[in-house]
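Visitor: Sequence:
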Amino acid sequence: MRTEQATVAEEEYLQIIFWLYEAGLPMTAANVARAMQLSPPTVHEMLGRLERDGYITRGADKVIAFTDSGRAHAEGIVRRHRLIERFLTDVLGIPWDEVHEEAERLEHAMSPVLEQRMLAAIGDASTCPHGHPIEVGKRLVSVPLADVEVGASVTILRFENEAEDLLRYLKEAGAEPGLEGTLAERDGERVVVEAAGRRVALTRSVAETVSVAADPSPPPRTALPAQLVMSSERYGR
0 MRTEQATVAE
10 EEYLQIIFWL
20 YEAGLPMTAA
30 NVARAMQLSP
40 PTVHEMLGRL
50 ERDGYITRGA
60 DKVIAFTDSG
70 RAHAEGIVRR
80 HRLIERFLTD
90 VLGIPWDEVH
100 EEAERLEHAM
110 SPVLEQRMLA
120 AIGDASTCPH
130 GHPIEVGKRL
140 VSVPLADVEV
150 GASVTILRFE
160 NEAEDLLRYL
170 KEAGAEPGLE
180 GTLAERDGER
190 VVVEAAGRRV
200 ALTRSVAETV
210 SVAADPSPPP
220 RTALPAQLVM
230 SSERYGR
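According to numbering that gives the first Met the number 0, the sequence shown is numbered sequentially starting from 0.
No lab work stands behind these hints, which were simulated from the structure alone.
Treat the hints with care, since some could be wrong.
[Said to hold, decoys possible] DMTMM-like mimics (lysine to aspartate or glutamate), calculated; alpha carbons at most 25 Å apart, straight line:
#1 61 <-> 50
#2 137 <-> 100
#3 137 <-> 11
#4 61 <-> 74
#5 170 <-> 100
#6 137 <-> 67
#7 170 <-> 89
#8 137 <-> 103
#9 170 <-> 214
#10 137 <-> 123
#11 137 <-> 184
#12 137 <-> 163
#13 170 <-> 21
#14 170 <-> 146
#15 61 <-> 44
#16 170 <-> 184
#17 137 <-> 89
#18 137 <-> 74
#19 170 <-> 148
#20 170 <-> 97
#21 170 <-> 186
#22 61 <-> 11
Work the whole structure out from these sequences, hints included.
Guide: Here you go:
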C-alpha cells in the first residue's frame, strides 16, 4: 500500500469523507457522491484508488473507514483548509463568505513552514471564520437552528455547509458565528433570530445547516442527508 503522498484528487475526497465523519453522517459512497455532486461510478473509482493506496477500508456493508494514514491525511488537509480561511479573513481582510474556495485552491500546496507562519499570524484564533475548529476533534456539541423552540437563547457556533453562495446568503441575512440572540419565530418556511436589535431571517432549509448552542436546547441530532449537497442552489430563497 502507498500512503506517502496523497494526490490533490485524493485529498479532496478525504476532506469530504472527514466532513461526513464530523457531521455524524454515514461514510458511504452514496453520501460522498451527493456531497460532491458526482456520479456514483466516478466516486466508486476514486474510492477504489483510496482503498488501494491505503487511506480507507470498506466493509461488507459498504461503509467507509479511515486507516491510520488516511485519518492523518484527512485531518491534515482539513486543518490546513481552516487555517488558510482564518488567515485570509483576519490577516488579508478577505470577507469570510469569499474564502472557502480560495482555501480549496491553496491547501494542497501549503508547506510546513508556511503553515507555522500562518499559525503565528492568526494568534489565538481557534476556529475557521465559519466556526469549525482548526485543530480537528475540538468540535463543540450543537443542535440545528431549525430545531430550536421559540423563546430560546441561541449562539451560532458554525455553518455546516460551506458552499460559497450559501455563505454569501448567510452573511447577507446577518448570520455569523458567535452571534447571540433569541429565537423569535419558527414555522415551516423560515426561522427568525432577534439579535442586537435586528432580525436575522433564514429559510428553514438553511437553518438546518446552522449549528447553535441553545438554552433550552432540543435533543441533539445529526444533520439531515438532504443537506449534503455543497451548494445553495437547492436552498430556496
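Visitor: Is residue 137 within 25 Å of residue 89, Cα to Cα?
Guide: holds (21 Å)
Visitor: Is residue 170 within 25 Å of residue 97, Cα to Cα?
Guide: holds (10 Å)
Visitor: For the pair supplied as a hint, residue 170 and residue 214, is the alpha-carbon distance within the 25 Å limit?
Guide: Holds - the C-alpha atoms of residue 214 and residue 170 are around 24 Å apart, at most 25 Å.
Visitor: With a cut-off of 25 Å on the C-alpha distance, tell me whether residue 170 and residue 100 pass.
Guide: holds (16 Å)
Visitor: Hey, residue 137 versus residue 11, does the alpha-carbon distance stay inside 25 Å?
Guide: holds (22 Å)
Visitor: With a cut-off of 25 Å on the C-alpha distance, tell me whether residue 170 and residue 146 pass.
Guide: Roughly 21 Å between the alpha carbons, so the hint for residue 170 and residue 146 holds.
Visitor: Between the alpha carbons of residue 137 and residue 100, is the straight-line distance 25 Å or under?
Guide: Holds, at about 23 Å.
Visitor: Given the hinted pair residue 170 and residue 186, is their alpha-carbon gap at most 25 Å?
Guide: Holds, at roughly 22 Å.
Visitor: Residue 137 and residue 74 were given as a pair; does the straight-line alpha-carbon distance stay at or below 25 Å?
Guide: holds (12 Å)
Visitor: Below or equal to 25 Å on CA atoms is what counts here, so check residue 170 against residue 184.
Guide: holds (19 Å)
Visitor: Starting from residue 170, check that the Cα of residue 89 is at most 25 Å away, please.
Guide: holds (16 Å)
Visitor: Between the alpha carbons of residue 61 and residue 11, is the straight-line distance 25 Å or under?
Guide: Status holds; Cα separation ~20 Å.
When the structure is compared with the earlier hints, a violation turns up for hint 11 alone.
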